[in-house]
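Chains A and B, in that order, are what the protein sequence lines are.
1 is the number of the first residue of the first sequence in the working numbering; add one for each residue after it.
1 is the number of the first residue of the second sequence in the working numbering; add one for each residue after it.
These are calculated hints, taken from the structure and not from any lab test.
Here the structure is a predicted model, which is why all the values come from computation and not from measurement.
C-beta: ideal position from N, C-alpha, C; glycine also.
Sample of chain B residues facing chain A (criterion: CB under 7 Å; computed from the structure):
| hint | residue |
| --- | --- |
| 1 | Gly378 |
| 2 | Glu381 |
| 3 | Ala382 |
| 4 | Ala385 |
| 5 | Leu386 |
| 6 | Gly387 |
| 7 | Asp389 |
| 8 | Gln392 |
| 9 | Ile397 |
| 10 | Pro400 |
| 11 | Thr481 |
Only pairs whose alpha carbons sit at most 30 Å apart, straight line, appear in this in silico DSS-like list of lysine-lysine:
| hint | chain 1 | residue 1 | chain 2 | residue 2 |
| --- | --- | --- | --- | --- |
| 12 | A | Lys84 | B | Lys310 |
| 13 | A | Lys88 | B | Lys310 |
| 14 | B | Lys480 | A | Lys146 |
| 15 | A | Lys187 | A | Lys235 |
| 16 | A | Lys125 | B | Lys478 |
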Amino acid sequence: MADAQKKMTVSDEVAIQITGMNKWYGTFHVLRDINMTVMRGERIVICGPSGSGKSTLIRCVNRLEEHQQGQIIVDGTELTSDLKNIDKVRSEVGMVFQHFNLFPHLTILENLTLAPIWVRKVPKKEAEETAMYFLHKVKIPEQALKYPGQLSGGQQQRVAIARSLCMKPRIMLFDEPTSALDPEMIKEVLDTMIQLAEEGMTMICVTHEMGFAQAVANRVIFMDQGQIVEQNAPKEFFSNPQSDRTKLFLSQILGH
Amino acid sequence: MPATPTEPAFVRREMLAQKLPPVSERGAIKWLRENLFSGPMNSTLTVLGLIAVYYLLRGFYPWLSNSVWNAESYRECRDIVIAQSGEGATGACWAMVRVRWNQFLFGLYPVQEYWRPVTAFGLMLVALAPVLYYGLRRPNVRMVGAVTVALVLALWGLGTDTSHLLVCTAIMLALTAVAWLAPKRLVWLTLLFPLIAYFLLWGGSVWGPVGVLIGIGLGAGAWWFAQRSFGVVVAAAIGLAVAVLWWLVLHTAITSALYAVMPLELPYVRSDDFGGFLLAFVIGIAAITASLPIGILLALGRQSDMFLVKTLSVGFIEFFRGVPLITVLFSANFLLLYFLPPRTNFDLIVRVIIVVIIFASAYIAEVIRGGLAALPRGQYEAADALGLDYWQAQRLIIMPQALKISIPGIVSSFIGLFKDTTLVALVGLMDPLQGVTKIVRADTAWKGIYWEPYIFVGGIFFIVCFGMSRYSMYLEGKLKTDHR
Chain A
1 MADAQKKMTV
11 SDEVAIQITG
21 MNKWYGTFHV
31 LRDINMTVMR
41 GERIVICGPS
51 GSGKSTLIRC
61 VNRLEEHQQG
71 QIIVDGTELT
81 SDLKNIDKVR
91 SEVGMVFQHF
101 NLFPHLTILE
111 NLTLAPIWVR
121 KVPKKEAEET
131 AMYFLHKVKI
141 PEQALKYPGQ
151 LSGGQQQRVA
161 IARSLCMKPR
171 IMLFDEPTSA
181 LDPEMIKEVL
191 DTMIQLAEEG
201 MTMICVTHEM
211 GFAQAVANRV
221 IFMDQGQIVE
231 QNAPKEFFSN
241 PQSDRTKLFL
251 SQILGH
Chain B
1 MPATPTEPAF
11 VRREMLAQKL
21 PPVSERGAIK
31 WLRENLFSGP
41 MNSTLTVLGL
51 IAVYYLLRGF
61 YPWLSNSVWN
71 AESYRECRDI
81 VIAQSGEGAT
91 GACWAMVRVR
101 WNQFLFGLYP
111 VQEYWRPVTA
121 FGLMLVALAP
131 VLYYGLRRPN
141 VRMVGAVTVA
151 LVLALWGLGT
161 DTSHLLVCTA
171 IMLALTAVAW
181 LAPKRLVWLT
191 LLFPLIAYFL
201 LWGGSVWGPV
211 GVLIGIGLGA
221 GAWWFAQRSF
231 GVVVAAAIGL
241 AVAVLWWLVL
251 HTAITSALYA
261 VMPLELPYVR
271 SDDFGGFLLA
281 FVIGIAAITA
291 SLPIGILLAL
301 GRQSDMFLVK
311 TLSVGFIEFF
321 RGVPLITVLF
331 SANFLLLYFL
341 PPRTNFDLIV
351 RVIIVVIIFA
361 SAYIAEVIRG
371 GLAALPRGQY
381 EAADALGLDY
391 WQAQRLIIMP
401 QALKISIPGI
411 VSSFIGLFKD
421 TTLVALVGLM
431 DPLQGVTKIV
441 RADTAWKGIY
451 WEPYIFVGGI
461 FFIVCFGMSR
471 YSMYLEGKLK
481 TDHR
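Construct the entire structure; sequences and hints are all you get.
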């Protein structure tokens, strides 16, 4: 895990640019003046107490949530209410959810090939080959013809990652991917994510796995009350936090 | 002093063979004891239940066992029963069914045209095959083949004239060949079936249905070209406008011109002559097939973010769920004509079908909304995150799951709908339960008969509805993939 950092490089090309973004739920101000630039190849971990808006932030990046003010540009496409742009961004940005959200009525293979066939218009055979390639990569090719309900949580989450990868995304978003898993399954999912990071994928992860943050992330962002409170390289962030709020948070999650 | 063992040392030399449980713990005795006599309360109830069944059977059985199948009138039936079992005996007179079965099935439909509804029914089963087993060769061939055999036998039994018998046989053999060679192509029959059925059942010029088909084709073509530049919804409106224009402006002129050149037609049968189960099936099947897609659209409309679509859907659903079907049926007699261009003369059965469809789709919409509500939010989000557009997400992710959850509710609605077709008696149509029975009982030969027609009609309704119910359970089992 330790040398993982060395292999990964960050390019000087901008992947995501968020400027002056605000979001409200009704009158509740969930995200306040978010400014953030993600370069291609960056691995960013977002942490913070629950309700701090970290999930909402990454869900704004593929417009599962709508922002009311400011600008979000993903891969050169600005997110507005234009449906064509939204679909374009969504097909370039993969997302992995806390509860996997696999399609229970389809087999694993069908889960993986559905979007490539219908969105990318890839021929079925080719889509299946790609799907098998990624299933090998997440180490469960033998499950291809089963249904999601027959798999363990860790396996389901790896399938979910493979499903996103089948769309050949340029950016991956992870929304607490290990929070719904048993401790022994967390490792298999994290290993898959580390492998992905080593291959140079641009990643934004909302997670409480601080070990993962230290090993893989090149930047850690701490959020509280809808704002970015502190961001730094992981080494600095963990050994020398600046704000009191960060110190308190770290002492709570690392304290035991 | 060493501790004395409580038991002497033991070594088993021979293994014990397997034995059956004691008599009172197995088979029928165990079942009886557990299910019927598990305690004083249960035993008392069992005995009371048996007594009740005995009294029911004692009253009912002689009537049933004295059934008469061969007689020309109710009086003759009674005479036969009395001759067989003595004065005061009662017996069912099924001879009425034997003599008047054709009216229960077809109403006053002309006898020499019976082949038409029967063929339409057979074609409906063929049209159903690709819906049940899309693209699978063996079950399709098996189903179409069985229908072919049954249909030819039925037509022959009905004494159909040779030319029609031959034409129908040839068509059915051709369809079997299609099922064998290209099972997916059968879907075309499914799509065309409504027009084919209309032509077969009502007859008249063949160019009427063809004109309707042309209108649909033009509308679909317009939709196809428009959706490239205007988006799906606007294109649908344009397509509809083109089709309506065709039907209003050109349809009549062109179809009558075609008729003048090539007068292909079947004798016209008036809606008043439709009756019995023919009527129930025509209304029931039309309403079932049309109300499902409309119900889906209404359920989606109700969930829509667009205010107007949502309000209209909610208003439609709540209005038609709030009024009794009979009210809607009565209004079908005149109200529907207000919404149509002047001088359109709509057939009563078609009008009734339309209101029953409207009524049923409101119910189906609510059942499907229940299924939609049961889906976790994450399914929508996952579909969105993968870049599927709204209609793709609905068709591939949401609907397959929501419909699966809703199967029991949908089938319940369908069963209720099928039974409700008997209500059309109230607008003067000849439904099997009231309409036909009234005619039969008005006949002097069968004056005084009471139970038999209702039991007969009820029995057929039961068979059809029970079949639907079993099919839905089979479907639920087949689609079960969640492995809970």
